[in-house]
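Asks: If you want the building blocks of each chain, they are given just below.
Number of protein chains: 2
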Amino acid sequence: MPSTKPPGGTRDFLPDDIRRREYVVGIVRGVYERYGFEPLETPAFENIETLLGKYGEEGNKLIFKILRRGEHEGSGEADLALRYDLTVPLARVIAQYQNELPKFFKRYQIQPVWRADRPARGRFREFYQCDIDAIGSTSPVVEADILAAVSQVLADLGFDDFTLRLNDRRVLNAVLECAGVPAALHGEALIAIDKLDKIGPEGVQKELEGRGIDGAATTACLEFFQGFTRDDPRGHSAIDRLRAFVHGHALGVDAVAALDAIVRLADGTPAHGRIRIDPSLARGLSYYTGAIMEISVPDLAGSLGGGGRYDQLVGMFLGRHIPACGFSLGLERIIVVMTERQMFPAAAVSVPVEVMVALWNDETRSEALALAAELRRTGLRVDVYPDSDKLGKQFKYASGRSVPFVAILGDDERARGEVALKDLRTGEQQSVARGEAAAYLQQRLRSNQ
Amino acid sequence: MPSTKPPGGTRDFLPDDIRRREYVVGIVRGVYERYGFEPLETPAFENIETLLGKYGEEGNKLIFKILRRGEHEGSGEADLALRYDLTVPLARVIAQYQNELPKFFKRYQIQPVWRADRPARGRFREFYQCDIDAIGSTSPVVEADILAAVSQVLADLGFDDFTLRLNDRRVLNAVLECAGVPAALHGEALIAIDKLDKIGPEGVQKELEGRGIDGAATTACLEFFQGFTRDDPRGHSAIDRLRAFVHGHALGVDAVAALDAIVRLADGTPAHGRIRIDPSLARGLSYYTGAIMEISVPDLAGSLGGGGRYDQLVGMFLGRHIPACGFSLGLERIIVVMTERQMFPAAAVSVPVEVMVALWNDETRSEALALAAELRRTGLRVDVYPDSDKLGKQFKYASGRSVPFVAILGDDERARGEVALKDLRTGEQQSVARGEAAAYLQQRLRSNQ
Chain A
10 MPSTKPPGGT RDFLPDDIRR REYVVGIVRG VYERYGFEPL ETPAFENIET
60 LLGKYGEEGN KLIFKILRRG EHEGSGEADL ALRYDLTVPL ARVIAQYQNE
110 LPKFFKRYQI QPVWRADRPA RGRFREFYQC DIDAIGSTSP VVEADILAAV
160 SQVLADLGFD DFTLRLNDRR VLNAVLECAG VPAALHGEAL IAIDKLDKIG
210 PEGVQKELEG RGIDGAATTA CLEFFQGFTR DDPRGHSAID RLRAFVHGHA
260 LGVDAVAALD AIVRLADGTP AHGRIRIDPS LARGLSYYTG AIMEISVPDL
310 AGSLGGGGRY DQLVGMFLGR HIPACGFSLG LERIIVVMTE RQMFPAAAVS
360 VPVEVMVALW NDETRSEALA LAAELRRTGL RVDVYPDSDK LGKQFKYASG
410 RSVPFVAILG DDERARGEVA LKDLRTGEQQ SVARGEAAAY LQQRLRSNQ
Chain B
10 MPSTKPPGGT RDFLPDDIRR REYVVGIVRG VYERYGFEPL ETPAFENIET
60 LLGKYGEEGN KLIFKILRRG EHEGSGEADL ALRYDLTVPL ARVIAQYQNE
110 LPKFFKRYQI QPVWRADRPA RGRFREFYQC DIDAIGSTSP VVEADILAAV
160 SQVLADLGFD DFTLRLNDRR VLNAVLECAG VPAALHGEAL IAIDKLDKIG
210 PEGVQKELEG RGIDGAATTA CLEFFQGFTR DDPRGHSAID RLRAFVHGHA
260 LGVDAVAALD AIVRLADGTP AHGRIRIDPS LARGLSYYTG AIMEISVPDL
310 AGSLGGGGRY DQLVGMFLGR HIPACGFSLG LERIIVVMTE RQMFPAAAVS
360 VPVEVMVALW NDETRSEALA LAAELRRTGL RVDVYPDSDK LGKQFKYASG
410 RSVPFVAILG DDERARGEVA LKDLRTGEQQ SVARGEAAAY LQQRLRSNQ
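Here the protein sequences line up with chains A and B, keeping their order.
Residue numbering for the first sequence follows our numbering, starting at 10 and increasing by one per position.
Residue numbering for the second sequence follows our numbering, starting at 10 and increasing by one per position.
Treat the hints as calculated values from the structure; they're not laboratory data.
Treat the hints with caution; some may be incorrect.
Any copy, or any two copies together, can satisfy a pair, since identical chains are not distinguished.
Unchecked claim - Derived lysine to aspartate or glutamate pairs resembling DMTMM-like cross-links, with alpha carbons at most 20 angstroms apart:
(1) K63 / D276
(2) K215 / E197
(3) K431 / D396
(4) K70 / E86
(5) K112 / D25
(6) K14 / D94
(7) K402 / E109
(8) K70 / E376
(9) K14 / D88
(10) K70 / D88
(11) K70 / D432
Predicted model, so just to flag it, every value in this text is computed and none were measured.
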């Protein structure tokens with residue numbers, strides 16, 4: 010017998026898992042549609058040359074490759090590869106359907122991706138990505154709209170303590186340049202600065218110097234970035250501070266103005282009061298060209314999602330730049346935090362079956378099915394016990410599955426045109442005219458929740 | 010530049026495609042949940058030994074195999090394989106979680122599967138399966154419940170001319186045995202009988218004889234099966250005819266009684282009047298052990314879905330038999346027929362964006378975003394034009410996307426606390442107090458549909 014576990018790094022989603030996931034996805038989808046994003050789905054695999062070389066040397070190794078079929082199977086040659094993210098397929102779609110898609114294409118895409126990472130706690134080989142991207146405009150309206158949409162998703166999910174950290178790649182470069190960090194060492198400096206919360210200013214100072222940043226630049230960096238974490242400034246005062254620091258750096262001044270525009274534009278939207286300018290925010294991916302953003306909540310070390318502007322990536326298959334800005338929500342992390350905080354409403358995680366119709370005996374099976382049909386017609390979720398087991402056994406089964414009501418068509422009830430309805434939560438049983446059973450159950454189920 | 014088409018046999022689903030698909034899936038899911046089925050999802054790939062040998066020699070060849078990662082990559086060895094159907098993963102899940110799942114586990118699963126078939130019109134390498142299965146009972150209540158659920162799905166989708174063809178593998182065997190066809194030739198006989206509609210009785214007669222069935226058996230088969238197609242009998246009279254024909258064949262008589270029970274049980278459910286006993290229905294798959302069923306509509310040569318009882322398959326990873334009955338809906342075919350018949354309601358396929366907020370100029374972008382937020386709060390689907398282009402260009406863009414309303418915050422409107430709302434369907438424009446804009450739009454959008 011082979012193992013019956015799912016392959017390493019993948020998961021089976023049992024009914025309760027799916028209900029939680031569907032609850033979150035339903036809210037995400039609803040908000041994104043209200044924001045004018047349209048759904049897109051692409052195949053699970055792409056031609057291998059579409060993916061190779063798009064994710065760097067490390068990425069190439071993590072791509073799952075599919076053996077060419079047919080007579081070539083023995084050669085070990087791969088011609089297809091599993092989707093690694095949702096961005097490269099989007100770039101392909103934009104090239105392929107450029108004449109059918111609107112000029113400003115806003116799409117959401119919620120699909121699994123696969124990475125041949127070493128499986129570990131919280132690191133999967135199959136996981137969902139949940140992306141929005143707005144293609145075709147360089148306007149800061151796009152960033153503000155995305156920040157608003159993401160804020161609305163979090164608010165609708167019940168988060169009231171999230172922060173949208175916002176920065177701009179060009180501002181980051183300008184700040185480091187003004188601090189005297191040479192361009193070649195920007196990456197090194199950011200790694201050190203990113204640890205300010207964890208190892209404190211002395212630790213960061215040592216690390217900056219250890220990474221080859223000179224004393225003056227180290228002091229300038231520390232002074233500037235410490236100021237931000239210490240005061241936790243929000244909104245415009247942070248902008249003023251940035252503007253003062255990059256004063257004289259023309260590109261930097263423009264980029265700070267762009268950042269300022271985003272914050273002002275988002276002010277009348279659900280992102281209001283959520284944005285915190287964080288000049289140390291860097292985001293790992295190298296392809297960002299402007300604004301970068303990330304969602305934080307206090308009880309999670311990582312982020313619930315992130316994104317930014319990347320004007321040179323989506324046009325890769327067209328050989329020209331197409332402006333784009335996107336955001337990816339971390340579905341798995343959102344579910345983890347919501348589960349820990351017990352944020353799922355009872356209806357989203359509760360038992361699916363509301364009424365079980367018991368089988369009185371073999372002769373009345375037909376009536377049991379007919380009763381189930383009547384109840385289902387009113388929207389009730391109804392199961393029929395399939396075997397004519399003893400009633401006690403049937404009750405025990407329903408109770409074990411947390412089904413709130415059992416309906417019984419006993420001989421007496423049938424003779425009177427009634428049905429007995431037992432509330433397994435209270436033990437109470439009542440006979441109700443058959444035609445009124447659905448209304449009675451609906452009323453009891455809604456009022457007892 | 011690599012090709013930007015999706016790989017052969019796969020499809021990109023653009024927004025309109027997804028909306029149609031989601032409309033169908035939403036109805037399917039809703040009905041299955043009312044029938045007490047619970048959702049399950051399994052990983053896209055399985056360990057290769059889980060799948061190999063489960064689908065026969067031909068099936069083995071059609072399984073997509075994934076190269077083992079890491080240092081073994083060069084060896085051409087495959088250790089994972091893409092999901093080929095939803096039944097083998099279900100069998101694995103039942104073995105793995107037998108203590109967590111209810112005794113009568115009813116699950117639905119709607120996920121893509123992959124087959125390395127030669128791509129052709131209507132034959133894909135990636136397609137969705139949409140399965141229900143009820144595990145754990147041999148009662149005919151299960152078959153009746155499944156026929157009822159499937160009927161309700163079709164009714165809710167708007168089909169009013171579907172037929173549920175019903176047969177039983179054991180009845181089929183008994184009929185052929187009673188006709189004098191030796192067991193070894195049952196398969197051959199069925200291939201010929203299946204063509205009765207296409208090539209007529211003379212054609213079938215020739216084919217039966219060509220396939221080695223003797224004259225007496227050929228005559229008996231023709232007489233029996235022709236009777237069924239000629240009279241198109243429904244319900245119990247077909248049962249009587251079957252009972253008479255297999256009279257004396259003990260297993261056959263029992264199996265006819267089981268078929269009769271299913272028809273009677275389904276009578277009080279949405280399957281009422283839909284079931285047609287079709288003793289020539291065979292279903293390709295070899296694993297069925299009892300009832301077999303298929304949905305037909307007049308304008309489709311194939312079926313919209315099919316299923317049956319298979320009591321020896323789901324327990325394969327446990328090494329014992331577990332009774333099961335299932336049904337698979339053909340999502341792609343349902344969408345094809347519904348599209349041809351124009352069965353999608355306007356709301357399911359219409360434009361997603363209801364209102365586009367135009368940008369009057371750069372100074373009022375912030376107000377445009379705030380207006381969008383106000384409208385979205387009431388559930389309207391709203392887009393914001395991102396650039397301060399000429400209004401004419403913005404109107405043209407909205408019109409090209411079939412957006413019904415454009416909202417404009419012109420200088421005059423802003424001065425009066427109003428917003429101009431242009432109905433692009435009629436050309437009519439009206440100024441409305443800003444606080445009443447959402448209600449006005451809701452009313453106009455709902456009444457004009």
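Asks: It remains to establish, for every hint, whether it holds in the given structure.
Replies: Status of the hints after comparison with the structure:
1. K63 / D276: neither (36 angstroms within a copy, 59 angstroms between copies)
2. K215 / E197: within (13 angstroms within a copy, 83 angstroms between copies)
3. K431 / D396: Intra 19 angstroms, inter 62 angstroms, cutoff 20 angstroms: intra-copy only.
4. K70 / E86: both (15 angstroms within a copy, 16 angstroms between copies)
5. K112 / D25: between (41 angstroms within a copy, 16 angstroms between copies)
6. K14 / D94: Between copies only: 17 angstroms across, 25 angstroms inside.
7. K402 / E109: Cα proximity of K402 and E109: across copies only (18 angstroms, versus 60 angstroms in one copy).
8. K70 / E376: Result: close neither inside a copy nor across copies, 60 angstroms intra and 48 angstroms inter.
9. K14 / D88: Answer is between: at 14 angstroms across copies they meet the 20 angstroms cutoff, but 28 angstroms inside does not.
10. K70 / D88: Close inside one copy (15 angstroms) and across copies (16 angstroms); limit 20 angstroms.
11. K70 / D432: neither (57 angstroms within a copy, 53 angstroms between copies)
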